[in-house]
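Visitor: As a plain string of letters, each chain reads:
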Amino acid sequence: MLHALARILVFQALGDLVCAAFSLPLPGAAVGLALAFGWFLARGGPDAETGRLFDGVVGHLPLLFVPAAVGVVARPDLVAGGWLPVLVAVVAGTVVTLALTALAGAALIRWLAPAPEPAPRGRTV
Amino acid sequence: MSGEGMIERMGVFLEGQPMLGLVATLAVYAGAVGLHRTLGAPTLMPPFALATLAIGLALLAGGIEYRAYFESAEPLHWALGPVVVLLAVPLHRRLGDIRAAAGLVAMLLAFGCAVTLGVNLAVGRLFEIEPEVASSLVARSVTTPVAVGISEMLGGLPGLTALVVIATGLVGSVVAEPLFRLMRVEDDRARGFAMGVAAHALGTARAFQISETAGAFASLGMILNALATVAVLAVGVTVSG
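Line order of the protein sequences matches chains V and B. The numbering of the first sequence is the numbering used here, which starts it at 570 and goes up by one. The numbering of the second sequence is the numbering used here, which starts it at 79 and goes up by one.
Misleading hints may appear alongside valid ones.
What the simulated footprint calls covered on chain B by chain V, stretch by stretch (three residues with Cβ under 8 Å from a Cβ of chain V suffice, anywhere in the stretch; the number is not a length) [claimed, not checked]:
| id | region |
| --- | --- |
| 1 | 146 to 159 |
| 2 | 186 to 196 |
| 3 | 206 to 217 |
| 4 | 263 to 276 |
| 5 | 282 to 296 |
Calculated directly from the structure, the hints in this document are not laboratory data. Source: prediction; values computed, not measured. The beta carbon of each residue, even a glycine, is placed where N, CA and C say it ideally should be.
Please construct the entire structure, taking both the sequences and the accompanying hints into account.
Guide: In structure tokens, the structure reads:
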């Protein structure tokens with residue numbers, strides 16, 4: 570586990586370096602992702618340890634966004650300061666974008682590549 | 079002892095305790111996971127949204143500065159970097175699916191990017207939002223550091239941009255599943271890609287809870303949409319001088 574984590578952190582640090590060196594308007598982690606992906610391609614896939622590291626965190630990724638997301642709830646000054654239309658715009662805009670993109674995706678899939686029957690899901694919805 | 083005095087003391091206590099926000103966040107999240115299960119797993123109330131709401135309201139009730147909380151819970155925020163790098167794992171695992179859907183991905187990227195930019199621009203007009211605020215909304219569907227960079231380029235407000243980006247992710251990840259069910263979008267590639275395009279990393283994190291395929295396509299949508307948005311806006315700004 571330690572080796573996998575160390576490697577991932579090295580990829581992130583390299584990503585930060587690349588972004589700083591070329592003043593790319595991207596987060597270092599995104600370049601780190603590309604580097605890690607390249608490494609996996611070269612080696613024929615992630616090693617088992619890195620795979621397990623990902624599987625260990627994947628179930629609760631949204632937890633990591635809680636500190637940042639609390640800022641939306643805990644800042645009533647923003648709504649009081651006339652930002653209410655902005656928040657309404659954000660909600661409406663996000664729903665429309667999500668709906669249109671998903672519908673277009675579903676339509677394109679029907680047209681281009683009729684999918685095999687969707688795999689049964691692990692949980693009832 | 080008056081209630082207010084005690085709450086004030088709690089605020090001071092929090093500021094002196096670098097771990098308390100982290101521990102409280104984990105505890106509240108664990109509680110939210112339990113509550114979510116007890117309520118019969120309603121998709122409109124995912125655990126992280128319940129936890130966010132509970133902590134936000136607690137901060138408001140206790141008069142605790144958001145900044146003090148954030149600094150105390152920041153290790154979770156830092157963990158996002160390595161987790162983004164780790165997205166290379168599902169992308170590689172689903173490489174076959176992604177290759178097979180390359181045409182779909184390209185068309186859907188062009189469509190999704192155009193829709194997000196169009197909607198974000200239209201929303202500014204529709205709600206009669208001031209220009210510098212509207213500029214802060216343009217890139218709200220891409221991940222925070224990229225969106226803040228774009229916003230600055232367009233003369234927007236970086237602080238507001240960061241806030242609307244996270245609000246977008248929050249809304250997108252909460253409404254996505256109920257919305258897809260309503261519209262009968264059942265393909266996890268379409269679901270995931272839409273979540274990554276419309277609600278960046280937070281939508282992607284949520285997509286992994288649908289399936290690994292949804293998560294991999296969300297990662298792809300998030301990355302490609304960020305790159306496409308930067309490219310489109312850079313060209314747009316250059317052309318319009």
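Visitor: Name the hints, by number, that the structure is in violation of.
Guide: Per hint list: zero violations.
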